[in-house]
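Heads up: the protein sequence lines correspond to chains A and B, in order.
Read in order, the letters of the first sequence correspond to residues 1 to 553 in our numbering.
Read in order, the letters of the second sequence correspond to residues 1 to 354 in our numbering.
Errors might be hidden in some of the hints.
To give an idea of the interface, some chain A residues facing chain B are shown, with a C-beta separation under 10 Å as derived from the structure [claimed, not checked]:
| id | residue |
| --- | --- |
| 1 | 80 |
| 2 | 83 |
| 3 | 455 |
| 4 | 456 |
| 5 | 462 |
Chain A is nowhere near these chain B residues, computed Cβ spacing over 10 Å in every case [to be verified]:
| id | residue |
| --- | --- |
| 6 | 4 |
| 7 | 9 |
| 8 | 84 |
| 9 | 90 |
| 10 | 234 |
| 11 | 252 |
| 12 | 278 |
These are calculated hints, taken from the structure and not from any lab test.
Using N, Cα and C, we set each Cβ at its ideal position, and we do this for glycine too.
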Amino acid sequence: MDVSTTPIASSSGAGRLSVLRTLGPWRLVALLITLLVLVPISVVLSSLLNPEPEIWNHLVENVLADLAINTLWLIAGVASGTLVLGVSLAWLTAVCQFPGRRLFAWALLLPLAVPAYVTAFVAVGLLDFTGPLQTWWRAEFGLEQFPEIRSRGGVIAVMILAFYPYVYLIARNAFQTQGQRAMEAAQSLGLNRWGGFWRVSLPMARPWIVGGVMLVVMECLADFGTVAVFNYDTFTSGIYKAWYSLFSLPAASQLASLLVIIVFAILLLEQQARARMSYTQIGRGAAQQQRIQLHGWRGWLVTLYASVILLIAFIVPVMQLLLWTMEYALNDLDARYFQFLWHSLLLATLTAVAVGMTALVLAYAGRRHRDLPTRVLIRVSTMGYALPGPVLAVGTFIPIAWFDNLLIDTAQQWFNLEISQLLQGTLITMLLALIVRFQAVGFSSIDGHMQRITTSVDDAARSLGCSGLNLLRRIHLPILSGGIFTGMMLVFVDVMKEMPITLMTRPFGWDTLAVRIFELTSEGEWQRAALPAIAIVIAGLLPTLLLTRHAER
Amino acid sequence: MQNDKPILILNNISQRYGSNTVVDGLSLTLERGRIGCLLGPSGCGKTTVLRCIAGFEKIRAGDIRLDDEVVSTAQLHVPPEKRRIGMVFQDYALFPHLTAQQNIGFGLHKLSRSDRQQRQDELLTLIGLNDAGKLYPHQLSGGQQQRIALARALAPRPKLLLLDEPFSNLDISLRERLCNDVREIIKREGTTALMVTHDQHEAFAVADDIAIMHHGVIQQWDSAYNLYHRPANRFVADFIGKGVFVQGVVLEGSRVETELGVLEGELHAPCARGCVVDVLLRPDDIVHDDASPQTAVVIGKAFQGADILYTLRLPSSMQVLALVPSHHNHAIGQAIGIRLATDHVIAFNPEVVE
């Protein structure tokens, strides 16, 4: 009897142990995960506090203005382009009826499967001066005037085509769920469908649209591979060059700190958009709403519009990849290729498993402790999605190198031992940075499922004699398994695509498919880059098809 | 060997969240084999009491005894999984990844496979869902889910079964039938149960004893008949059934004089004679009688099938309710004859009007 009762702890006994006890095991681990994010951010930001004048002057004089202007143009161009493309396609497929609408509704998401840098090198390979199109153009017309693809306009166009699905997906969801009622109310007040779109539908969907565009802006800031292909210098490629061309880690981290500040500003804007996302749910979305019928040439015009976008954003790049692959696969499909593939798969699996476990701990901590500190811990731990890869690479590498050197010095001083670097030659830096970068992807999937388990389910299990780890094993894990699987798959695919972190923190010679693509494209070997790219696209199709299943209904 | 001691004793328990006292020195005794009910408006603390008994919440003061064993005091707390109390939740809380049958078997994992199977089948038969054992919760209707939740809670033969608003998620048309089913099932299992609801019809249909709760304390713990006909205070009188208060003066010999005449019967009043009181008049205390010299004007009527509930205005402009068989169909504005038919008189101190 006595054993089964637990006296309520009343002693406010001093000592660290009681702090640990009140923190509880879940929050303790959550705190450690949070440190993985906080350390790189602090390391990078602290370089702002002690600027080295020499480096700073060099940056200001030579690169900063260019980087800032390039980045600004990129954000402005891609944001407005994806806005127009994403919102128009979302509205047309969600509300109107035109030939092929059901097909386009999901097919327009397909470009998500192709990383932007792949679209980029295919575009450059196709449209460059020596590419097939320009060669044919010159032969046919003898003209030299052809818009230069490796330009600001080129990089913006490619990124619009790669990133519009984010806006499309979110805006379409908003249009679909806002339901028929608001529109009917507007019509009863004398607006026609077109006026209703401008005065009701669009304003109601605005928070979502802004959210989607912000996501695109984040992607622009984080992008490394695309701008590298175009040789268009932004902050991310600036960080890479400072580190690998100038061999100046301090310069890299100064640039990284500026990028972090920009990202935080965007994050703040996104937060505000998100706060307003609740006001639109008027009634549960009437799924079978009456669509606006686009008859005759209007309908076919829309079909043409959607086809052209799908063609240049997905079909042409993938077809070209396939053609190039068939051409060069025989030569390149060798042991080295399988080593790249193996490295990519290994890295993606390791990260997916690590994120799956840490995200589960975070979601569980959030369930057990519904207080503010825990919410802050979770919020910070999942902030890595906003941090561009090069920032995380620098921010993770510096403390690990410092720790390594500390070990070496200690060994030398105290034990008179000559040891080499312990951590720098391993996968650990890369893994830590990747876990931080993709924590949110795994967490939101797992937590989404966790939220659906009501507290009374826990109570029910406890009243039937099931508690503690048994509760996790018999109730939570089985219910969460779908969410854990989805989360891990998304992380897996993201790591396969990831370029800058892998490139900057991998052990020497430990190349993956993405790194191979970087190397080949920086030598202008577009055709040969197709083979590693095709594997990444195939992996990327998995979650995209999952998404399209939802989009279809 | 049957034991006569009460299964559940709540002794002066209190619970508060921050400065908000939700349960304030509440006491209650539930006898073995009975079905009790905590009935009260939302926010009266009834669900909190249930959660304290189940052990989901720790109490601040008092003690809870279950089957002659202390399970909760301010210092001691037996965790819910050790209490052997079954609970049916408002949202049923069925485990979505398990079939109906596996849900029922969840609390039986210590039994052998064949014993568990036998108990599962027994319960599925008891709740009349033999064919639904292999279905998952989302494939079941609301009423079926509720009965599975009930069977799951009953499966480990708990000492006490708690039901938290078990009918609130069901269609009104279903509730009446399911109330009878649930009572039947609990009685057949011979379990002691305590239910929480805000709906008096559910309470009347299911429970043997009903506690009216308000402001964190029990106002009256009694049978349905007594709650209606012998309310202990104005709150209970107001909360249960319909009725109006008319002013009167207590006379000698257990009589009360009112505008409607002198009321006679078993008197419950705050004084023996001379004081001014409010007398409770239920709609069935006033009988329609065309021969009666006393008349009142119809100012409202609600058709209820067999009866019509009339709102009547007396000459003094006081209003009363009368339940009249529905073939006595009178128009609004018409004066009809009425007389009193009370066999007991419930009077309270007049309400202080500020």
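Okay, the hints, checked on the actual structure:
At its closest, the beta carbon of residue 80 of chain A sits 44 Å from a beta carbon of chain B; the interface hint therefore is violated under the 10 Å criterion. Evaluation of the residue 83 of chain A hint against chain B yields a violated restraint, the C-beta minimum of about 39 Å exceeding 10 Å. The restraint placing residue 455 of chain A at the interface with chain B holds, with a minimum CB-CB distance near 9 Å, inside the 10 Å limit. Restraint check, residue 456 of chain A versus chain B: the minimum CB separation of about 4 Å is within 10 Å; hint holds.
Interface hint at residue 462 of chain A: satisfied, since its Cβ lies 4 Å from the closest Cβ of chain B, which is below the 10 Å cut-off. Look at residue 4 of chain B: its CB is around 22 Å from the nearest CB on chain A, clear of 10 Å, so calling it non-interface holds up. A cut-off of 10 Å between C-beta atoms confirms that residue 9 of chain B is not in contact with chain A; the least separation is 18 Å. Here residue 84 of chain B does not stay apart from chain A, with its beta-carbon only about 8 Å from theirs, under the 10 Å limit.
Residue 90 of chain B, annotated as away from the interface, has a beta carbon of chain A within 10 Å; the closest lies near 7 Å. Distance check for residue 234 of chain B against chain A: the nearest CB is about 35 Å away, which clears 10 Å, and the non-interface claim stands. A cut-off of 10 Å between C-beta atoms confirms that residue 252 of chain B is not in contact with chain A; the least separation is 57 Å. Under the 10 Å C-beta cut-off, the non-interface status given to residue 278 of chain B relative to chain A holds; the minimum distance is some 42 Å.
Hint check: violations occur at hints 1, 2, 8, 9; the rest are consistent with the structure.
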